[in-house]
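Asker: Residues 0 to 279, numbered by numbering that gives the first Met the number 0, are exactly what the sequence shown covers, in order.
Don't read these hints as lab results, they were simulated from the structure.
Glycine is no exception: its CB is placed at the ideal position from the N, C-alpha and C atoms.
Hints may contain errors.
To be verified - Computed cross-link-like contacts, DSBU-like style, restricted to lysine-lysine with a CA-CA straight-line distance of at most 35 Å:
| id | residue 1 | residue 2 |
| --- | --- | --- |
| 1 | Lys28 | Lys255 |
| 2 | Lys109 | Lys255 |
| 3 | Lys107 | Lys161 |
| 4 | Lys130 | Lys28 |
| 5 | Lys109 | Lys28 |
| 6 | Lys109 | Lys130 |
| 7 | Lys28 | Lys161 |
| 8 | Lys130 | Lys107 |
Stated by the list, open to error - Derived CB-CB ranges, DEER-like:
| id | residue 1 | residue 2 | range |
| --- | --- | --- | --- |
| 9 | Asn203 | Gln39 | 44 to 50 Å |
| 10 | Leu169 | Trp70 | 22 to 28 Å |
| 11 | Phe260 | Met33 | 42 to 48 Å |
| 12 | Ser268 | Leu29 | 27 to 33 Å |
| 13 | Lys107 | Phe149 | 38 to 44 Å |
| 14 | Gly42 | Leu179 | 36 to 42 Å |
| 15 | Val134 | Leu169 | 41 to 47 Å |
| 16 | Phe149 | Phe237 | 19 to 25 Å |
| 17 | Leu29 | Phe260 | 27 to 33 Å |
| 18 | Asn98 | Ala178 | 26 to 32 Å |
| 19 | Thr40 | Asn173 | 22 to 28 Å |
| 20 | Val25 | Asp212 | 42 to 48 Å |
| 21 | Gly81 | Asn173 | 44 to 50 Å |
| 22 | Asp78 | Leu102 | 29 to 35 Å |
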Amino acid sequence: MVMHMLRFANFSHAELLSLGAYVTFVFDKLLESMVPALSQTIGGLSLTFSLIFAIILSMGVTGVSAIIIDWLVFRRIRDSAGPLSMVFASFGVALIVRNLISLIFGLKPKLYSEEITFAVRVSLDPLILIKLDQVFVLCMALVIMLIFHFVLSRTTFGYALKAVSENPTLSQINGVRLALMIRLIWLIGGGLAAVAGVFYGLNNQVSFLMGNDLVLSLFAAVIVGGIGSIYGAVVGGFLVGLASNMALLILPSGYKPAVPFLIILIILSIRPTGLFGEKK
Numbered sequence: 000m001v002m003h004m005l006r007f008a009n010f011s012h013a014e015l016l017s018l019g020a021y022v023t024f025v026f027d028k029l030l031e032s033m034v035p036a037l038s039q040t041i042g043g044l045s046l047t048f049s050l051i052f053a054i055i056l057s058m059g060v061t062g063v064s065a066i067i068i069d070w071l072v073f074r075r076i077r078d079s080a081g082p083l084s085m086v087f088a089s090f091g092v093a094l095i096v097r098n099l100i101s102l103i104f105g106l107k108p109k110l111y112s113e114e115i116t117f118a119v120r121v122s123l124d125p126l127i128l129i130k131l132d133q134v135f136v137l138c139m140a141l142v143i144m145l146i147f148h149f150v151l152s153r154t155t156f157g158y159a160l161k162a163v164s165e166n167p168t169l170s171q172i173n174g175v176r177l178a179l180m181i182r183l184i185w186l187i188g189g190g191l192a193a194v195a196g197v198f199y200g201l202n203n204q205v206s207f208l209m210g211n212d213l214v215l216s217l218f219a220a221v222i223v224g225g226i227g228s229i230y231g232a233v234v235g236g237f238l239v240g241l242a243s244n245m246a247l248l249i250l251p252s253g254y255k256p257a258v259p260f261l262i263i264l265i266i267l268s269i270r271p272t273g274l275f276g277e278k279k
């Protein structure tokens, strides 16, 4: 969303996933200690009631953090330089956020739950299993996608966002408060990044290197799906994730980071705007 609306590739966005995941971890443990009853798991999931409340709190904290980062760094560059300078600045922001996370929370990975969750075998290979947590994350991703699509296509706020992305100057003339819209973009983007970080952490460890490990796949998903397309981002994420893991069947694990780049080259050579991107 930031890439489409503000016209620059923010490589520090992936670090907000790590920040959101760690903030959620802190709130989760705090709520569990204050109200032990909230530590009860829901169904066969790793999800607890305390984790749900922690996610909501973390969305707010991470969203506000994104606004602060924009105010301290990107706003000044946006007013005096071009998008390319903002891209370079985002690399610096990513390094700062990543090292601050490691300094505050330590280098040791965290787990939301140490309980063994129920899993279903989906092939003849007994090692290929699907956990309920993975099914839950998939369903929630689809729900968030539908909600976000409705907001962008059916509400005044969504129309204002599209106006800002198409022509910021003209949108201001028509009464859109550009500064407010930019803050809301960062707030929503940061909040959703926190949710994504938690969903990733449910099926993996929460580490300060999460953002660094995921940044290439995240941008590959957005580019393959088409910049500005919500459905494209989800479909692109599925394609990149599936291809990256399927590649491990025939390639050494060291080649896995190269798979997203290969997918980008293949898709863009066939359709330069991505699968769902619109031609300008």
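Asker: So, for every hint listed, does it hold in this structure?
Answerer: Each hint, compared with the structure:
1. The hinted pair formed by Lys28 and Lys255 meets the criterion: a straight-line CA distance of about 34 Å does not exceed 35 Å.
2. About 24 Å separates the Cα atoms of Lys109 and Lys255, which keeps this hinted pair within 35 Å; it holds.
3. Of the supplied pair hints, the one linking Lys107 and Lys161 is violated, its CA atoms being roughly 42 Å apart against a limit of 35 Å.
4. Distance check on the hinted pair: Lys130 and Lys28 sit about 23 Å apart at the alpha-carbon level, within 35 Å; holds.
5. Of the pairs offered as hints, the one joining Lys109 and Lys28 holds, with about 11 Å between alpha carbons and a cut-off of 35 Å not exceeded.
6. This hinted pair checks out: Lys109 and Lys130 have alpha carbons roughly 19 Å apart, not beyond 35 Å.
7. Distance check on the hinted pair: Lys28 and Lys161 sit about 39 Å apart at the alpha-carbon level, beyond 35 Å; violated.
8. Our distance criterion of 35 Å between C-alpha atoms is met by Lys130 and Lys107, whose separation comes to about 24 Å.
9. Taking 44 to 50 Å as the suggested C-beta distance range, the pair Asn203 and Gln39 does not conform, at roughly 23 Å.
10. Evaluation of the 22 to 28 Å hint for Leu169 and Trp70 yields a pass: the beta carbon distance comes to about 25 Å.
11. At about 46 Å, the CB distance of Phe260 to Met33 agrees with the hint of 42 to 48 Å.
12. Restraint check, Ser268 to Leu29: a C-beta distance of roughly 50 Å breaks the suggested window 27 to 33 Å.
13. Evaluation of the 38 to 44 Å hint for Lys107 and Phe149 yields a pass: the beta carbon distance comes to about 40 Å.
14. For Gly42 and Leu179, the Cβ-Cβ distance of about 40 Å falls inside the hinted range of 36 to 42 Å, so the restraint holds.
15. The supplied range of 41 to 47 Å is met by Val134 and Leu169, whose beta-carbon atoms lie about 44 Å from each other.
16. As the Cβ distance of Phe149 to Phe237 is approximately 21 Å, the hint placing it in 19 to 25 Å holds.
17. A hinted range of 27 to 33 Å for the beta carbons of Leu29 and Phe260 is inconsistent with their spacing of about 41 Å.
18. For the pair Asn98 and Ala178, the supplied restraint of 26 to 32 Å holds, since their beta-carbon distance comes to about 30 Å.
19. Separation of Thr40 from Asn173 is about 50 Å and departs from the stated range, judged on CB atoms against 22 to 28 Å.
20. Taken as a hint, the range 42 to 48 Å is violated for the pair Val25 and Asp212, whose Cβ atoms sit roughly 21 Å apart.
21. Distance hint for Gly81 and Asn173: a CB-CB separation of about 25 Å, inconsistent with the stated range 44 to 50 Å.
22. Take Asp78 and Leu102: their Cβ atoms lie about 30 Å apart, and the range 29 to 35 Å holds.
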